[in-house]
Amino acid sequence: MALPKAKEDALAARLAVLDLPRGGFTKAARVAAMARLQAMGMPGRRDEYWRYTNPALLSDPHPQPATALRVERPIFTGLDKLRVIFTDGVFDAEASDDLTLAGIEISLLSQADAQDIHWAGAVYGTLEEAGQTPVARPLAALNTAAAREGLLIRVTGKAPKPLHISYRASSDTSDVMLHHCVKVEPGAELVLLETGSAGARANVVMEVDVGQSGRLHHIRPQGRAHGRQMATHLFARIASEALFKSFTLTMNGVMTRNEAVIELNGAESVAHIAGAAVGDGDFHHDDTVFVTHAAPGCESRQVFKKVLKNGATGVFQGKILVKQAAQQTDGYQISQSLLLDGDSQFLAKPELEIYADDVKCSHGSTSGAIDETALFYLQSRGVPKRAAQSLLVLAFLAEAIGEIEDERIAEDIRARLEDWLHRHES
Amino acid sequence: MLEIKNLHVKLEEEDKAILKGVDLVVKAGEVHAIMGPNGSGKSTLSYVLAGREGYEVTEGEASLDGAALLEMEPEERAAAGLFLAFQYPVEIPGVGNMTFLRTAVNAQRKARGEEELSAGDFLKLVREKAKQLKIDAEMLKRPVNVGFSGGEKKRNEILQMAMLEPKMCILDETDSGLDVDAMKLVADGVNALRDAGRAFLVITHYQRLLDHIKPDVVHIMAEGRIIRSGGPELALEVENNGYADLLAAEGMGAK
Ligand SMILES: Nc1ncnc2c1ncn2[C@@H]1O[C@H](COP(=O)(O)OP(=O)(O)OP(=O)(O)O)[C@@H](O)[C@H]1O
Ligand SMILES: [Mg+2]
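Those protein sequence lines, which keep their order, are chains C and Y. Heads up: the first sequence at position 159 corresponds to 159 in the numbering used here, and the numbers run straight through without jumps. To convert, take the position in the second sequence, counting from 1, and add 426; that gives the numbering used here.
The set of hints was computed from the structure by calculation and includes no laboratory data. Since the model is a prediction, treat every value here as computed from it, not as a measurement. Certain hints may be false.
Computed, partial: chain C to chain Y, Cβ under 7 Å [as the list claims (entries may be wrong)]:
(1) P74
(2) F76
(3) T373
(4) F376
(5) S380
(6) R381
(7) V383
(8) P384
(9) S390
(10) L391
(11) A395
(12) A398
(13) G402
From the three backbone atoms N, C-alpha and C, an ideal C-beta is built for every residue, glycine too.
Could you put together the complete structure from these sequences and hints?
Shown next as structure tokens:
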């Protein structure tokens with residue numbers, strides 16, 4: 001089916017500014033991804049999946065310049081971890097730790113792709129491709145075709161400390177593409193931290209394959225540079241009795257679209273996807289989540305909370321698809337916004353599609369203001385209004401933050417939020 | 427300590443007068459009780475004194491130890507020593523009771539230029555006060571008032587009062603919803619705080635609480651005014667005869 005002319009032109013313009021790698025072990029995946037992309041075209045305003053979010057900033061040939069925060073305060077400083085640093089999308093060997101850690105194998109896509117064979121060959125582009133139905137995700141296909149860098153992480157045992165992918169931006173015009181593959185072998189465990197703004201614009205794909213009884217915790221505080229544009233895709237496939245938990249904190253950013261495509265395809269597996277977002281002013285934040293229950297006895301949770309003020313926009317599109325085989329599914333989804341003024345808006349599209357009969361699924365979406373009665377109660381006990389407001393905002397976000405298992409990490413996230421709230425008091 | 431002069435209050439949103447000239451003086455060391463029919467304005471008086479939004483003072487004034495109360499933010503009134511035990515304590519999901527108490531205690535200390543309590547000292551103090559009120563440690567860990575029974579909420583109000591040690595305590599129907607033993611605990615909590623530098627204004631419908639907390643003065647409020655003040659015997663009269671006679675004497679009631 002031929003693309004409409006406008007889409008064809010947009011895609012041609014986007015591809016014209018890219019220098020596509022040929023790829024070694026990724027070669028076939030890249031060619032296939034390009035073919036998918038040619039069939040889909042770049043996302044457009046009229047696409048149903050982009051009804052609430054204008055894709056232009058994410059799909060235009062060039063990013064909008066964004067002032068990089070030259071000193072983004074380091075986070076998780078109290079944790080012993082292995083740090084891998086990308087500056088404007090380029091691996092920074094100087095600043096990174098040695099890429100060796102017991103229980104995991106780490107390599108760089110840029111280096112590994114010189115080889116024709118690699119374990120990641122079974123992952124790279126595979127989960128992304130599976131995630132293209134029933135909804136097209138052109139930015140992810142573009143990434144598979146064009147990304148030159150990323151981490152290939154194979155977890156074979158219980159990693160003794162977290163792996164920390166740290167993004168830094170130093171240029172105001174960098175347009176970054178990163179593609180990570182994470183394979184958690186049966187019974188293996190890893191805590192994966194992903195932090196910062198990767199560039200003025202970033203398109204980051206992470207494909208995650210969690211083997212039987214494996215565990216992966218993913219915690220992602222995205223950078224707080226105001227002008228940055230970010231499109232992320234998290235594709236995960238969870239085998240039986242395995243667990244995957246992902247938490248994202250988003251502060252500021254003119255445009256963020258975080259997509260998560262999760263498939264529970266082994267019995268009794270668990271996936272929790274959570275997000276806390278805070279935006280003040282010219283801020284657009286979109287969480288688009290698609291969870292598929294393909295096996296019996298699995299549990300999924302989607303917990304998304306957004307605090308919006310001064311015209312900020314929050315979007316949530318979340319779906320739970322329960323296939324016929326997925327009996328005894330336990331699915332939960334909540335999306336809530338706290339609107340701190342009348343100018344901000346929250347657009348939510350929760351969806352359930354269920355083909356199994358023995359299923360427990362609940363979903364809810366709410367939008368509300370600060371509880372004035374609770375605010376007065378706190379003030380009447382001597383808590384100043386602003387501090388009381390912050391306390392209530394953190395309380396609102398508590399359920400999302402509660403998805404972080406490691407209390408030290410949760411505490412750092414809370415501190416970040418308190419700091420933000422303090423800075424954005426008005 | 428607390429001085430209210432000719433206080434008139436209406437709702438901000440509509441033209442409805444609720445308090446129509448309240449005069450009241452509570453001296454340090456005294457306990458005053460306010461009784462009165464439902465809807466007579468008792469809670470409104472307590473909210474206006476504590477600084478709740480939604481009300482407009484159209485006339486009159488109120489002061490705490492000479493400081494103009496109505497000009498202050500609610501938190502400033504609290505720091506100045508005013509405390510209101512709510513008729514309907516508020517649930518705050520997501521905020522732990524402990525965090526709430528510590529934030530409140532330290533905010534007030536800070537406002538008064540005192541040093542914040544250390545985590546250890548705070549914990550010791552809460553445990554001691556909670557024990558006196560038979561509030562178990564589990565309840566302290568839960569979010570503020572969420573899932574608390576009616577009586578537990580009221581005891582939690584008194585715990586806050588005991589922690590904050592305010593000088594002017596207003597208790598709005600703290601006795602309602604309490605079983606006999608809990609009422610005794612609450613009364614003990616109040617009596618433990620009674621001293622020459624502190625005063626209480628106790629809003630209640632029942633004589634029973636006043637058996638435990640002996641008031642110096644009892645006021646009857648009706649239709650937004652205090653229509654009668656007297657000694658403890660006034661509460662007994664209400665208990666036995668209701669408000670009909672008192673209202674009739676004012677030309678109120680029989681509508
Ligand atoms: N925010 C409000 N909006 C509308 N009406 C109000 C509001 N606050 C108070 N009122 C009205 O003002 C009157 C006094 O209410 P208030 O709660 O002060 O009475 P009360 O004496 O405490 O009664 P009770 O003994 O039942 O607790 C009532 O008629 C009540 O409906
Ligand atoms: Mg009342």
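Going down the list of hints, with the structure as the test:
no., hint, in the structure
1, P74, "violated, 26 Å"
2, F76, "violated, 23 Å"
3, T373, "holds, 5 Å"
4, F376, "holds, 5 Å"
5, S380, "holds, 5 Å"
6, R381, "holds, 4 Å"
7, V383, "holds, 5 Å"
8, P384, "holds, 5 Å"
9, S390, "violated, 10 Å"
10, L391, "holds, 6 Å"
11, A395, "holds, 3 Å"
12, A398, "holds, 4 Å"
13, G402, "violated, 9 Å"
Of the numbered hints stated above, those contradicted by the structure are hints 1, 2, 9 and 13, listed in ascending order.
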